[in-house]
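Novice: Can you make the complete structure from the sequences, with help from the hints?
The listed protein sequences correspond, in order, to chains A and B. 75 is the number that this note's numbering gives to position 75 of the first sequence; each next residue is one higher, with no gaps. 1259 is the number that this note's numbering gives to position 259 of the second sequence; each next residue is one higher, with no gaps.
Treat the hints loosely; a few may be bogus.
What the hints assert, rightly or not - With a straight-line cut-off of 35 Å between C-alpha atoms, the simulated DSBU-like cross-links for lysine-lysine are:
| id | chain 1 | residue 1 | chain 2 | residue 2 |
| --- | --- | --- | --- | --- |
| 1 | B | Lys-1271 | A | Lys-66 |
| 2 | A | Lys-38 | A | Lys-141 |
| 3 | B | Lys-1271 | A | Lys-8 |
| 4 | B | Lys-1004 | A | Lys-262 |
As the list claims (entries may be wrong) - Covered stretches of chain A, going by a simulated chain B footprint (3 or more residues, C-beta under 8 Å):
| id | stretch |
| --- | --- |
| 5 | 74-82 |
| 6 | 211-221 |
| 7 | 271-277 |
| 8 | 303-317 |
These aren't lab readings, by the way, just hints derived from the structure by calculation. What you are looking at is a predicted structure, and each value in this text was computed from that prediction instead of being measured. Just so you know, even glycine gets a beta-carbon here, dropped at the ideal spot from N, CA and C.
There are 2 protein chains.
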Amino acid sequence: MEFKVNSKELEKLLSKIIPAVPTRTPMPILENFLLEVKDGLLTVYATDLEISLKASINIITDENVKLVVPARLLNDIVRSLKDTSIYFKLTSNKKVNLITDTGKYVISYLDPEEYPDIPSVVADKDTKDIFEASINGLELKNAFDKIAFAMSKEEMRPAMMGTLFDFSEEGLRFVTTDGHRLANLLKKDGKFSFVQQYVVPERAISVLSKLLDEKEVKMLLTKTYVSFKLSDIELITRLIAQKYPDYTSVIPLENEFLLKVKTKEIHDSIKRMMLFSTTSTRRVKFSLDKTMVEISAEDLDIGASGEEKVECEYNGEKLEIGFNSTYVNDILNHMSDCEEIIFKLHSPTKAVIIEPVEKKENQDLMMLLMPVRLNN
Amino acid sequence: MEFKVNSKELEKLLSKIIPAVPTRTPMPILENFLLEVKDGLLTVYATDLEISLKASINIITDENVKLVVPARLLNDIVRSLKDTSIYFKLTSNKKVNLITDTGKYVISYLDPEEYPDIPSVVADKDTKDIFEASINGLELKNAFDKIAFAMSKEEMRPAMMGTLFDFSEEGLRFVTTDGHRLANLLKKDGKFSFVQQYVVPERAISVLSKLLDEKEVKMLLTKTYVSFKLSDIELITRLIAQKYPDYTSVIPLENEFLLKVKTKEIHDSIKRMMLFSTTSTRRVKFSLDKTMVEISAEDLDIGASGEEKVECEYNGEKLEIGFNSTYVNDILNHMSDCEEIIFKLHSPTKAVIIEPVEKKENQDLMMLLMPVRLNN
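Specialist: Here is the structure:
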């Protein structure tokens, strides 16, 4: 049994699949690729039991075979070769020989039976539990870039460790929160005839994000899995089974005080104040007045403090409000493409809404941040 | 007491001095800068008690003062400011106020008495124990780039944790070794009327390397300290007091077998073989024949192996010799600007010399590598 493949084509294929290979796992079999040669097609699979990746290339061979090979070793070998043909030859002692013009590399393989099943999600118009949707790859990537940061890392509430995909007539809404801040992005370019919520785990979001390009992505959504079909690769992820918390209930409606500032100015100021905010609280104070907001922080442990004035437009009464500077910084990092932003406030203890002044077409972005108590 | 300084000028100054500030130290005072304002000059010092850095800028002030301020905090504040004037104002409660157009930052300072003495090396023609030498900064940097990798990390033999500066009529020779490999570079452009050896610690080499530019460097050499005077900064380092081992005794003279190879070809091959060499030994085998050297490695733990043929010119008898692939890789990394290299060999157990085929003007580079035993 042998087959031939170009090193650079295989390198490209493997580099897309390797992100699904776990780095530390109690199941060493997952550190392998499953290679399937069938009808002139080489398909490579990897899974960490949560997400699976799969992609194929055409190769020259008459035979069919399945084998399981060490993922990182194969990836490293192929990556280190120059542009050349590689002949894969299976020998009787469970070895694969990779033969090029100048070298021969021998690696062991395992039987495909030892590899876990890769889930597959098949579209079936008759099944009412499967929904289809499609979205431009770059739009999806941009959405992830804006909101992924606010996913929780706390295992206490598993649903919050993922991103909510909320399909409705309005469009597709992405929500993330860790209980301290919330990111909420509605894409209005696609309308959906179904109302469904899916919670996609963090790892799927981060792996998918690196694979997305300007091409269309087709989603197949079931109760337990979602498949993202890109032009040349498919990612299937298990969904988080827990129901997502009701995010609408935490969004305040009566935040009547509006603070308008230049994003870069206030962000630069926050970054400097982070040098002064006490490590334990990370607290930064906003003191609001009509045309000027004073940003200040104090680190009692090292006896240092800082204060800065930033120009603003503010329509409310004088107000002092505290935030965790790391959270403000995170939010501003993800709004750096908005020249001006608005903080919508009500009181020093109520959630604050942060939105861009100029809305993007077909897109509503809203960040929400809980204040922290000022002790005075 | 106050003085004024431009933020960008101060940023540039501090960024040069901060490498001498230790990251972890049992003496927290060393995590500070010593600032000295004297006769319109602001001088900043830092030391880790092994190396010290010192540089100055002109400032506007009528008063003189010395103070000790947290190094990283001051550096971070200044770096985060836009191009602006900073007024330093000392207040009675041991605080410095840094005041700009839009902000005020308060940090604590300590008394200069708490800061350790910075050594100084002064040229004195009458003292016969002080020698002077100068070298172009880029030449010195290139020398460090070639040889610094072979310094030992083992605390057992302190001298080998530094770089030997060997001055003689031949020129200035740099030697590093960890007992497994040795790097030896002779710069012949300067001749010296004195014969002296100095062992400069690793940290001085690595900090200095980042500061060097095309300008001349003046060295003042005493029995215990060396001062490197660059155009805008001075580095003073304590010397390693232990005598450097006699490196000439390990350089073999009768290595009559010559193997000539293209550097990139054999290096690429070694990098691939590193994927297969057992983690514990890292061994790679060279099997030498007239026109072809076979490079091979085997990892018995994972049942993988690799072999490659590389074209060569070889004038000796058939020979198999083993090396630690990491060491070969290190050496080839530092000879990548040589198109072809020569391995000079004698037997599978004797040290091998590696040299460029084309010598640079006024420069002799020689690497030496101990083989490892092949078990068969």
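Novice: Does each hint hold? Answer for all of them.
Specialist: These are the hints, each one checked on the structure:
no.	hint	result
1	B:Lys-1271 - A:Lys-66	holds (29 Å)
2	A:Lys-38 - A:Lys-141	holds (33 Å)
3	B:Lys-1271 - A:Lys-8	holds (18 Å)
4	B:Lys-1004 - A:Lys-262	holds (29 Å)
5	74-82	holds (count 5)
6	211-221	violated (count 0)
7	271-277	holds (count 4)
8	303-317	holds (count 8)
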